[in-house]
Amino acid sequence: MDSIVELRNVTKIFTNTQGIIKRKKRTVYALHDVNLSIGEKEILGLIGESGSGKTTLGLAVLKLLDLEGGEILFRGKDILNMKKKETFRFREKTEMIFQDPYGSLNPVQSVYKIISTPYKVFNKNAKERDVIERVIDTLEMVGLNPPEQYLAKYPNQLSGGQRQRVGIARAIITNPEFLVADEPVSMLDVSLRADVLNILLELREKLGSSMLFISHDIAVTQYVSDRIAVMHLGQIVEIAESTELVNNPLHPYTQTLISSIPIPDPERRWDTSEPKVLAGEYVNEGKDECSFANKCPFVMDKCRRSRPKMIEKGNKHYVACYLYE
Amino acid sequence: MPEPLLEVKNIQVEYRSKDRVVKAVRGVNLRINKREIIGIVGESGCGKSTLAMTFLKLVDIPGKITSGEIIYHGKTDIDVLKLKPSALRKYRWKEVSMIFQGSMNALNPVTRIEEQIMDTMIEHGYEQETAMKRVDELLRIAGLNPSLKRSFPHELSGGMKQRVNIAISLACEPSLVIADEATTALDVVVQRQIMARLLKLRDELGISLVFITHDISLVANIADRVYVMYAGKIVENGPVKEIFHNPKHPYTIALLNSIPSINRDKKIKGIPGTPPDLSKPINGCPFAPRCSKAFDKCHEIEPDLISIGQDHEVSCHLYG
Ligand SMILES: Nc1ncnc2c1ncn2[C@@H]1O[C@H](COP(=O)(O)OP(=O)(O)O)[C@@H](O)[C@H]1O
Ligand SMILES: Nc1ncnc2c1ncn2[C@@H]1O[C@H](COP(=O)(O)OP(=O)(O)O)[C@@H](O)[C@H]1O
Ligand code: SF4
Ligand code: SF4
Ligand SMILES: [Mg+2]
Ligand SMILES: [Mg+2]
Chain Y
1 MDSIVELRNV
11 TKIFTNTQGI
21 IKRKKRTVYA
31 LHDVNLSIGE
41 KEILGLIGES
51 GSGKTTLGLA
61 VLKLLDLEGG
71 EILFRGKDIL
81 NMKKKETFRF
91 REKTEMIFQD
101 PYGSLNPVQS
111 VYKIISTPYK
121 VFNKNAKERD
131 VIERVIDTLE
141 MVGLNPPEQY
151 LAKYPNQLSG
161 GQRQRVGIAR
171 AIITNPEFLV
181 ADEPVSMLDV
191 SLRADVLNIL
201 LELREKLGSS
211 MLFISHDIAV
221 TQYVSDRIAV
231 MHLGQIVEIA
241 ESTELVNNPL
251 HPYTQTLISS
261 IPIPDPERRW
271 DTSEPKVLAG
281 EYVNEGKDEC
291 SFANKCPFVM
301 DKCRRSRPKM
311 IEKGNKHYVA
321 CYLYE
Chain R
1 MPEPLLEVKN
11 IQVEYRSKDR
21 VVKAVRGVNL
31 RINKREIIGI
41 VGESGCGKST
51 LAMTFLKLVD
61 IPGKITSGEI
71 IYHGKTDIDV
81 LKLKPSALRK
91 YRWKEVSMIF
101 QGSMNALNPV
111 TRIEEQIMDT
121 MIEHGYEQET
131 AMKRVDELLR
141 IAGLNPSLKR
151 SFPHELSGGM
161 KQRVNIAISL
171 ACEPSLVIAD
181 EATTALDVVV
191 QRQIMARLLK
201 LRDELGISLV
211 FITHDISLVA
221 NIADRVYVMY
231 AGKIVENGPV
241 KEIFHNPKHP
251 YTIALLNSIP
261 SINRDKKIKG
271 IPGTPPDLSK
281 PINGCPFAPR
291 CSKAFDKCHE
301 IEPDLISIGQ
311 DHEVSCHLYG
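Residue numbers (my numbering), protein chains in the order written: chain Y, 1 to 325; chain R, 1 to 320.
These aren't lab readings, by the way, just hints derived from the structure by calculation.
Mixed in with the good hints, there may be bad ones.
Claimed, not checked - Just some of the chain R residues that point at chain Y, by a computed CB distance under 8 Å:
{"no.": "1", "residue": "S44"}
{"no.": "2", "residue": "S157"}
{"no.": "3", "residue": "T184"}
{"no.": "4", "residue": "V188"}
{"no.": "5", "residue": "V189"}
{"no.": "6", "residue": "R192"}
{"no.": "7", "residue": "Q193"}
{"no.": "8", "residue": "L199"}
{"no.": "9", "residue": "K200"}
{"no.": "10", "residue": "S217"}
{"no.": "11", "residue": "K241"}
{"no.": "12", "residue": "F244"}
{"no.": "13", "residue": "N246"}
{"no.": "14", "residue": "S261"}
{"no.": "15", "residue": "I268"}
Unchecked claim - Below, simulated DSBU-like cross-link-like pairs (lysine-lysine); rule was C-alpha separation at most 35 Å, straight line:
{"no.": "16", "chain 1": "R", "residue 1": "K269", "chain 2": "Y", "residue 2": "K206"}
{"no.": "17", "chain 1": "R", "residue 1": "K269", "chain 2": "Y", "residue 2": "K41"}
{"no.": "18", "chain 1": "R", "residue 1": "K266", "chain 2": "Y", "residue 2": "K93"}
{"no.": "19", "chain 1": "Y", "residue 1": "K153", "chain 2": "R", "residue 2": "K23"}
{"no.": "20", "chain 1": "Y", "residue 1": "K120", "chain 2": "R", "residue 2": "K269"}
{"no.": "21", "chain 1": "R", "residue 1": "K133", "chain 2": "R", "residue 2": "K9"}
{"no.": "22", "chain 1": "Y", "residue 1": "K113", "chain 2": "R", "residue 2": "K267"}
{"no.": "23", "chain 1": "R", "residue 1": "K64", "chain 2": "R", "residue 2": "K90"}
{"no.": "24", "chain 1": "R", "residue 1": "K269", "chain 2": "Y", "residue 2": "K93"}
{"no.": "25", "chain 1": "R", "residue 1": "K266", "chain 2": "Y", "residue 2": "K316"}
{"no.": "26", "chain 1": "Y", "residue 1": "K41", "chain 2": "R", "residue 2": "K266"}
{"no.": "27", "chain 1": "Y", "residue 1": "K276", "chain 2": "R", "residue 2": "K133"}
{"no.": "28", "chain 1": "Y", "residue 1": "K153", "chain 2": "R", "residue 2": "K84"}
{"no.": "29", "chain 1": "Y", "residue 1": "K41", "chain 2": "R", "residue 2": "K75"}
{"no.": "30", "chain 1": "Y", "residue 1": "K124", "chain 2": "Y", "residue 2": "K77"}
{"no.": "31", "chain 1": "Y", "residue 1": "K276", "chain 2": "R", "residue 2": "K266"}
{"no.": "32", "chain 1": "R", "residue 1": "K267", "chain 2": "Y", "residue 2": "K206"}
{"no.": "33", "chain 1": "Y", "residue 1": "K276", "chain 2": "R", "residue 2": "K200"}
{"no.": "34", "chain 1": "R", "residue 1": "K269", "chain 2": "Y", "residue 2": "K316"}
{"no.": "35", "chain 1": "Y", "residue 1": "K93", "chain 2": "R", "residue 2": "K267"}
{"no.": "36", "chain 1": "R", "residue 1": "K241", "chain 2": "Y", "residue 2": "K276"}
{"no.": "37", "chain 1": "R", "residue 1": "K280", "chain 2": "Y", "residue 2": "K113"}
{"no.": "38", "chain 1": "Y", "residue 1": "K153", "chain 2": "R", "residue 2": "K18"}
{"no.": "39", "chain 1": "R", "residue 1": "K267", "chain 2": "Y", "residue 2": "K316"}
{"no.": "40", "chain 1": "R", "residue 1": "K133", "chain 2": "Y", "residue 2": "K153"}
All C-beta atoms in this analysis are idealised placements derived from N, C-alpha and C, irrespective of residue type, glycine included.
Please take these sequences and the hints and turn them into a complete structure.
Quick look at the structure:
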C-alpha cells in the first residue's frame, strides 16, 4: 500500500506546571516514539481513552505542532522541513474537521464567507461567480439542500448537524487529499451522527481523500474506518484491519476496550464482572516501558524494562506486547 | 408480580419566561417497580432530565409542574408533589437519590470526600459516628479504595469522582437511584466499571435504578424496561427485548437504525429534521414532520399511548 502520511519515531513532549502551591513540573509524552502510516484513499481510525494523545497526533500530522523527535512524511516529503512554498501547498492539500460545530465556526461570518475563505486563499484569481458555484457544489456534497438557502445564513441560525456539515464543507472545498477528523460526531445528537458519517464515507469515494478519523467511540470508528490504530498513553499498541481488530483484539488494553463497548442488543449483554484493569491514573513520563504496564493484569518484569516492539501477528495485524513476542 | 415503587401519573412541566412557555413534559405516565432497572432514552431536549427532576420534586423556577401526581410506595405511600419542605428533605436522598452528568464537577473542591459523604448523611439525621463508620463501606460499594477518603476532588480522575457521587447517592440508603447521563463524559472502560457497580447494587441491595441517556446501546445492556421519549411524551415503552427486537414506533425504529454497532455491517441512517420546538403548539403527532410513515391523520390528531402487547405500549396511528 502506498502511504500518503508516514510517522517515524514521532515524539511530542509537553511540560506543564502543576499544582497551585507545589508548582511541580510534569512532563507528559503525548506521543512516545510513534510509527504509523496512512494509505492513499485510506480511512485510518484512531481510538483510545481521553488523554491518550489522539488530538496531538492529528495536529502533528497537519504540521500544527513542533516535535521533540522523529519525522513526519507527506508523500515522502518531511513536513517539518518544508520551504514556505511547499508549506503553502501542504496546507492546501490537508484539512481538519473539528469536534465542536459550535465553537469552530466564526459566528459573525455567513455560511458563504466561512466556506469560500479557504478556497479563495488557494485560488487567488478565482472569479466570484466561480467561487459561488464551487461553494454551492460543496454544500450539496455535504447534504445541505437546497444550497442557495444556506449561503446567507449565520451559524446561530443552523442546527448542530447543519453546523457540522458547514465545518465539513469548509474543510473539503479545496479538495484536500488528506483530512484529519477529530471526534467529528461526538458533540452531535445520535440521530444526526449517521448522516455526517455517511458524508465522510462518500467524500472518500468522490474525492479519493485519505483520512485520519479520531474517535473514542469504537462502533463509530469501525463503521467508517478501513484500519484501526489503538493508542494508549502516547503509544500505538495495536493496528489491524477494522473488523479484525474488533473481532480479534490481541493487546490487553484493546481487549479491555472492546469488551467494554455496549452492544445494542439485549441478548448480548455484559455480565456484571468489571473489566480487568488495575486501578490508578497514570501519564506517560517517557520511561522505556510498556505504556500499559501499570494497569495490565498480565504485567511481567520485562514489561517494565523496555518497550515491546510492534510485531506482525499475521493478517496485517500488528501488536506491541510481550505476550506475543 | 412486580410491585410498583414509584408511579408517575400524567405529569406536565412547563418552563415559563416573559415571552414563551416551553412545554418540556406533556403528560407522562411511568412506573418503576421494586428492584427494576428502567431506561429512559431520546434525543436531547425531549424532556428526559425535566421528567427525572419531578421524581424528586426538584423542578424549580422557571419550571413548574402544572399537573400530575407522583406516588412513592415506601414503608407508607407518599404523595411526592404534596410533600412539605421538611418531609421533602427526608424523601430526597433517603428514598430517592440522583447522579447527574455534571455532578462530578459539583463536588466541593475544598472539602475532603470523606466529609462530603458524611455531610449528606448528617443532614439526613445520621449520627456523626454512624456516618463516619459508613464512609468506608460506601466507598467500597462504589468501587473505590477507602484509603482515598482523605482526598480532595481535584486529586481524583473523572471516573473516580463519579464513583464518589455514587457513594453519596447511596449514603442514606435510598430505594431508588436516578442516573441522568451519569457516565456520558467518561471513557468506555470506566463507564463499564461503573455500570457493573450499579448492576451489583440492584442485586445486592435490591434497589431500583433509572438510567437516563441518549446512548441506546447502554440501555440495551442494563435495562429491564425502556421508555422512549419524544417531544415531552412517552412514545413507546416495553420490556427491553421488545423495544430492541420488536420496536413499533417509527421513532424508536429510526433511533435504532441510526446507531452503529461493532460487528454489524449495516448502513446506518440519520433521522431527518429536528425535534419540534416545545414552545410552539404541537398539532397532530409530534414526529410527523420527520416520519416516513406519516399519513393525513398524523398531521391532525396526536396519537394516544395504547397497549399493543404484554407490557408494551406505543403512541402511533399505525396501531390504533
Ligand atoms: N497544549 C498542551 N499543553 C500541555 N499538555 C498538553 C497539551 N495538549 C495535550 N496535552 C497533554 O498531552 C496528552 C495527550 O492529549 P491529547 O492529544 O489531547 O489526547 P486525546 O486527544 O487522546 O484526548 C494529555 O496528557 C494532555 O494533557
Ligand atoms: N431551566 C430551563 N429553562 C427553560 N427551559 C428549559 C430549562 N431546562 C430545560 N428547558 C427546556 O425544556 C426542554 C426539555 O429539556 P430537558 O429536560 O433538559 O431535556 P433532555 O434531558 O431530554 O435533553 C428543552 O426544550 C429545554 O430547552
Ligand atoms: S507488554 Fe506486558 S504490560 Fe504491556 S500489555 Fe503486554 S503484558 Fe501487559
Ligand atoms: S402517528 Fe403517524 S407520524 Fe406519528 S409516528 Fe405514527 S405514523 Fe409516524
Ligand atoms: Mg482529543
Ligand atoms: Mg438531559
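Comparing the hints with the structure gives:
| no. | hint | verdict |
| --- | --- | --- |
| 1 | S44 | holds, 6 Å |
| 2 | S157 | holds, 5 Å |
| 3 | T184 | violated, 10 Å |
| 4 | V188 | holds, 4 Å |
| 5 | V189 | holds, 5 Å |
| 6 | R192 | holds, 4 Å |
| 7 | Q193 | holds, 5 Å |
| 8 | L199 | holds, 5 Å |
| 9 | K200 | holds, 6 Å |
| 10 | S217 | holds, 4 Å |
| 11 | K241 | holds, 5 Å |
| 12 | F244 | holds, 5 Å |
| 13 | N246 | violated, 11 Å |
| 14 | S261 | holds, 5 Å |
| 15 | I268 | holds, 4 Å |
| 16 | R:K269 with Y:K206 | holds, 19 Å |
| 17 | R:K269 with Y:K41 | holds, 23 Å |
| 18 | R:K266 with Y:K93 | holds, 32 Å |
| 19 | Y:K153 with R:K23 | holds, 28 Å |
| 20 | Y:K120 with R:K269 | holds, 34 Å |
| 21 | R:K133 with R:K9 | violated, 39 Å |
| 22 | Y:K113 with R:K267 | holds, 34 Å |
| 23 | R:K64 with R:K90 | holds, 21 Å |
| 24 | R:K269 with Y:K93 | holds, 30 Å |
| 25 | R:K266 with Y:K316 | holds, 24 Å |
| 26 | Y:K41 with R:K266 | holds, 22 Å |
| 27 | Y:K276 with R:K133 | holds, 29 Å |
| 28 | Y:K153 with R:K84 | violated, 50 Å |
| 29 | Y:K41 with R:K75 | violated, 65 Å |
| 30 | Y:K124 with Y:K77 | holds, 25 Å |
| 31 | Y:K276 with R:K266 | holds, 30 Å |
| 32 | R:K267 with Y:K206 | holds, 18 Å |
| 33 | Y:K276 with R:K200 | holds, 16 Å |
| 34 | R:K269 with Y:K316 | holds, 31 Å |
| 35 | Y:K93 with R:K267 | holds, 29 Å |
| 36 | R:K241 with Y:K276 | holds, 28 Å |
| 37 | R:K280 with Y:K113 | holds, 32 Å |
| 38 | Y:K153 with R:K18 | holds, 27 Å |
| 39 | R:K267 with Y:K316 | holds, 26 Å |
| 40 | R:K133 with Y:K153 | violated, 61 Å |
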